[in-house]
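> If you read the sequences in order, they're chains A and B.
Numbering of the first sequence is given in the working numbering, commencing with residue 1 and proceeding in unit increments.
Numbering of the second sequence is given in the working numbering, commencing with residue 120 and proceeding in unit increments.
If you are wondering where the hints come from, they were derived from the structure by calculation, not from laboratory data.
One thing to keep in mind: the hints can contain errors.
Within a straight-line C-alpha distance of at most 30 Å, the following computed DSS-like cross-link-like pairs (lysine-lysine) qualify [as the list claims (entries may be wrong)]:
| id | chain 1 | residue 1 | chain 2 | residue 2 |
| --- | --- | --- | --- | --- |
| 1 | A | 16 | A | 67 |
| 2 | B | 135 | A | 67 |
| 3 | B | 186 | B | 135 |
| 4 | A | 16 | B | 186 |
| 5 | A | 67 | B | 186 |
| 6 | A | 16 | B | 135 |
Pulled from the structure, derived: some chain A residues nowhere near chain B, Cβ distances all over 10 Å [as the list claims (entries may be wrong)]:
| id | residue |
| --- | --- |
| 7 | 21 |
| 8 | 23 |
| 9 | 30 |
| 10 | 33 |
| 11 | 77 |
| 12 | 88 |
| 13 | 90 |
| 14 | 99 |
| 15 | 112 |
Beta carbons are placed, not taken as given, at the ideal position from N, Cα and C, and that holds for glycine.
Protein chains: 2
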Amino acid sequence: MTNDTGSSLIRSDEVKNLIIYGVEGQQIGQIEHLMIDPVSGHVSYAVVSFHGQTTDDLFPLPWSLLKYDSNLNGYVTATPLKDLSNAPRYPSGRGWNWRDRAAIRSIDTHYGIRIIHGG
Amino acid sequence: MTNDTGSSLIRSDEVKNLIIYGVEGQQIGQIEHLMIDPVSGHVSYAVVSFHGQTTDDLFPLPWSLLKYDSNLNGYVTATPLKDLSNAPRYPSGRGWNWRDRAAIRSIDTHYGIRIIHGG
Chain A
1 MTNDTGSSLI RSDEVKNLII YGVEGQQIGQ IEHLMIDPVS GHVSYAVVSF HGQTTDDLFP
61 LPWSLLKYDS NLNGYVTATP LKDLSNAPRY PSGRGWNWRD RAAIRSIDTH YGIRIIHGG
Chain B
120 MTNDTGSSLI RSDEVKNLII YGVEGQQIGQ IEHLMIDPVS GHVSYAVVSF HGQTTDDLFP
180 LPWSLLKYDS NLNGYVTATP LKDLSNAPRY PSGRGWNWRD RAAIRSIDTH YGIRIIHGG
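Same shape as in the complex, but just chain A (with noise of 0.2 Å):
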């Protein structure tokens, strides 16, 4: 693999578990699934699922929000737990409406995400 980390690649079907942790090194949830930009080829959401929960709701968290730890081979978020009661989620049974921009723009505003237009 020829990134700086020297990480390796992750397969888009197991991406599915990886473990999301918190700052204090908690497990706090898992990736679902990944929303990738058919055109660039970029990651632009993470579909998480959290513990605690009371019900199976998965928010969709801007990939900015998770850094990479090779080490334990899961992602570490500082920034939604907190807020994460009034936060973008749909129940899992469901799904989200990709296409429509204002519920995408919901997501990036409420963690105050400014997504660089690309492609």
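Chain B: place on chain A using the hints.
The following block gives chain B in isolation, referenced to the frame of chain A:
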């Protein structure tokens, strides 16, 4: 989705079987899975099965060889078919060693790709 083309994002668990087209519009293969840099979130390679092969070999292709066509919801490639006979490949049951940098370089070299290091 906030890319320039307005193409919808694709789920990491739904990239399998996206069709690869040749420049004449003919179907020449399909994506089996993508290889994603876990740090940058960029797709580095598509692992592809090509029609008309006598074996079930899979071919890792540099992502830059594939151009997304939103009308086709698939990828067009101009490059690889003519020299598939000596292209890097592996039996679908076996897997490729993505930790072996020399093996990865052999892909880039075969297709004449200069990978920009990023992370």
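> Could you grab the alpha-carbon distance between residue 16(A) and residue 186(B) and see if it respects the 30 Å cut-off?
Holds, because 26 Å separates the two Cα atoms, which is no more than 30 Å.
> Verify the proposed pairing of residue 186(B) with residue 135(B), using a straight-line Cα cut of 30 Å.
holds, 16 Å
> Residue 99(A): least C-beta distance to chain B exceeds 10 Å?
violated, 5 Å
> Beyond 10 Å from chain B, beta-carbon-wise, is residue 77(A)?
It holds; residue 77(A) is separated from chain B by about 14 Å at its closest Cβ, greater than 10 Å.
> Hint check: residue 16(A) vs residue 67(A), CA-CA at most 30 Å. Holds or violated?
holds, 16 Å
> Going straight from one Cα to the other, do residue 67(A) and residue 186(B) come out at no more than 30 Å?
With Cα atoms ~28 Å apart, residue 67(A) and residue 186(B) stay inside 30 Å; holds.
> According to the definition I'm using, a residue is off the interface if its beta carbon is farther than 10 Å from all beta carbons of the partner; does residue 88(A) meet that for chain B?
Given a closest Cβ separation of 15 Å, the condition holds.
> Determine whether the non-interface label on residue 112(A) survives the test: each CB of chain B must be over 10 Å from its CB.
The assertion about residue 112(A) holds, with a minimum of 15 Å to chain B.
> Straight-line Cα separation of residue 16(A) and residue 135(B) no greater than 30 Å?
holds, 15 Å
> Examine each Cβ of chain B, and state whether all of them lie more than 10 Å from the Cβ of residue 33(A).
About 5 Å separates residue 33(A) from the closest Cβ of chain B, which leaves it inside 10 Å; violated.
> For residue 90(A), is the shortest CB-to-CB distance to chain B above 10 Å, so the non-interface label stands?
holds, 13 Å
> Report holds if the minimum CB distance from residue 21(A) to chain B is greater than 10 Å, and violated otherwise.
Since the minimum Cβ distance to chain B is about 14 Å, residue 21(A) lies beyond 10 Å and the statement holds.
The structure fails to meet hints 10 and 14 from the earlier list, while all remaining hints are met.
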